[in-house]
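Novice: Chains as they are written, first to last, in the numbering used here: chain A, 3 to 76; chain B, 2 to 363.
Hints in this document: simulated from the structure, not taken from any laboratory.
Take the hints with a grain of salt, since some may be wrong.
[Stated by the list, open to error] Derived pair list, reagent style SDA-like, types lysine to any residue, alpha-carbon separation capped at 25 Å:
no., chain 1, residue 1, chain 2, residue 2
1, B, Lys98, A, Asp24
2, B, Lys98, B, Ala4
3, B, Lys98, B, Gln120
4, B, Lys98, A, Gln30
5, B, Lys98, A, Glu28
6, B, Lys98, A, Ala45
7, B, Lys98, A, Val29
8, B, Lys98, A, Gly31
9, B, Lys98, B, Leu58
10, B, Lys98, B, Met55
None of these values were measured; they are calculated from a predicted model.
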Amino acid sequence: MFERHGQPAAVICTEAFEATADAMAEVQGAPGYHYVTTPHPVAGLMPDQVRERAEELAVEVAGLLAARAAGEAA
Amino acid sequence: MAAEPDPDVAREAIEYCYEQGWTDGLPVIPASRALVDQFLAHTGRPPEEVLWRMDHLGTECTVETAAINAAMAGCKPEYFPVVLAAWDAVMRDRAAKGGGWQSTSGPAPLIVLNGPIRQQLGFNSTGGIFAGGFRPNATVPRALGLMLRNAFGVIPHVFDQTTQGIPGRWSICFGENEEVCFWEPLATEMGLEPGTSAVSATLTRTYEFVDNRHTQNPEHVLWDIADTISRTGVLIFRSQSVTVVLGPEHAQMLASAGFSKADVKDWLVEHCGRTEADLRSAGKDAVSEGGLGGRSAGEEERASPDTFTRVLPGREDVMLVVAGARNAAMSMVVRVFGQWSNSAVAIEPARAPVTAASPEGG
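Chain A on its own, in the form it takes in the complex (with noise of 0.2 Å):
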C-alpha cells in the first residue's frame, strides 16, 4: 500500500504466516513479492528480546528498502 503511493516499503514476517503472505501478495497483484521472515513465535517475546531482534534484521530491512527506492525487486 505504501509503495502504491510512492513510499518504498518492507514487510516482516514470522515464518509461520509465510504460506498466507504469499497468497496476500498474489491477490494484491504482486506475486512473488519479497519480505523479511524472522522465527516464530514474536508474541511472548520481550522488550530487550524484540530489540535483538530488531538489529538482527535491520540490514536485510534496510537492503530491501534500498532496493525497492531504487526500484529494483517488486
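Got chain A sorted already, so can you dock chain B onto it with the hints?
Specialist: Showing chain B alone in chain A's frame:
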C-alpha cells in the same frame, strides 16, 4: 413411480465437486441451475445483491452465491431465508467484520433460532442440540462454512490461519427451547415482536459443559457456571463475552427461584473473575490492567494477591439461551470470540410453499 436415482452418476457428480475444491471434506450436493433457482425463489432479495465484501482479498458473496453454497451444504430450498438471516446475524458481530474469519482461533458461528420457524422447518431445540442428527441444524451452519470457503476464498492453510480450531466449527445451530422456558425468548429480549421467527448469532471460541444435578440451591448452579466461565485458559483480554446455553432444568430452577434473565446476568458479572494470584500463576496478570497476557517473571506485583479481577464487563456481555432436553441438569458455557451484537435478525417470511417439515429433522 419415479425411477431410482443412479448412485454411480451421483457419485461422479460428487467427485467432480471434490476435484473443483468446493467441499469442506465431506461430500456436497451437486448444485444444478434448477436447484439454485428453487433456493432463490424463497427470498425476495435479488440474486446479485452483495451480502458482504472481503475488501482485502477482493472477494464477495452475493445472494446467488449463497444459494449455490446452501444447496451444496445439503439445505432444502426453504431453509434459504434462515441461511441469509444467519449470515446477517453473525455479521452484526464486530469481530466477524474485523478479521475474525481468518483468526488463528478459528472461531465458530453459534446460531440460535427463535419462533415458529423451528417447528416449520424441523429445527431441533431439545435433546442433543450440539450432537447432530437433524438436517436443518446441520446444514444451515455448513452453508456459512462453504460460503466462507468458496465465495470469500478463506481456505485452510492459506487465508484460514486457524491454529487448532473448534470441534464441529460449522455445525452449531439450534432452536431455543421456548416451550419449557419460563423467561422471554432471546429474540423477544432483543426487541423483536413475540412470535417472530428470528436468528441470533455470534462467533465463539470454546464449549464446556456444567453438570450440576444434585443441588436444590440455584446459587450453587450459578457458582458452578461462574467457575467454568472464569477459567484462565481462554483469557487474553480483560473484557470477554460469554454465552450460557442453560439446560431446561437449570433455567427452570433459576426462574422458579425468582431469578430473571437480568438477575442471572448480573450475578455472573459480579462473580466471574480471578484473583491476582491466579492470574499471576498463569502469567496473565496484565489482564487485570486490561492488557494482553502478562509478564510475571522479574516484575513487581501489580496488585495484592487477593485482588479480584472481574472478567465480564457488564450484562450485555452475557447471552442467555435455554435449549436441550429436560432430562438432566446440564448447561453449556460458550466463550464468545469478540462481543455479541445483542441483537436478533428477523427471518424473511416464506414466499414459496414449504416442501416438507419433518418433526424428526428428516
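Novice: For Lys98 of chain B and Asp24 of chain A, compute the direct alpha-carbon distance and say whether it is at most 25 Å.
Specialist: Holds. Lys98 of chain B to Asp24 of chain A sits at ~23 Å (cutoff 25 Å).
Novice: Check whether the Cα positions of Lys98 of chain B and Ala45 of chain A lie no farther apart than 25 Å.
Specialist: holds (23 Å)
Novice: Given the proposed pairing of Lys98 of chain B with Gly31 of chain A, does the C-alpha separation stay at or below 25 Å?
Specialist: holds (23 Å)
Novice: Do the alpha carbons of Lys98 of chain B and Gln120 of chain B lie within 25 Å of each other, as the hint requires?
Specialist: Violated. Lys98 of chain B to Gln120 of chain B sits at ~31 Å, over the 25 Å cutoff.
Novice: What's the verdict on Lys98 of chain B and Ala4 of chain B, does the C-alpha distance respect the 25 Å limit or exceed it?
Specialist: violated (47 Å)
Novice: With the threshold set at 25 Å, check whether the alpha-carbon distance from Lys98 of chain B to Gln30 of chain A stays at or below it.
Specialist: Given that 25 Å is the threshold and the Cα spacing comes to 20 Å, the pair holds.
Novice: Does Val29 of chain A lie within 25 Å of Lys98 of chain B when you go C-alpha to C-alpha?
Specialist: Judged against 25 Å, a Cα distance of about 19 Å means the pair holds.
Novice: Hey, Lys98 of chain B versus Leu58 of chain B, does the alpha-carbon distance stay inside 25 Å?
Specialist: This hinted pair holds, its Cα atoms lying about 13 Å apart.
Novice: Between the alpha carbons of Lys98 of chain B and Met55 of chain B, is the straight-line distance 25 Å or under?
Specialist: holds (9 Å)
Novice: Holds or violated: are the alpha carbons of Lys98 of chain B and Glu28 of chain A at most 25 Å from each other?
Specialist: It holds: about 22 Å lies between the C-alpha atoms, which stays within 25 Å.
The structure is inconsistent with the numbered hints 2 and 3, although it conforms to all the rest.
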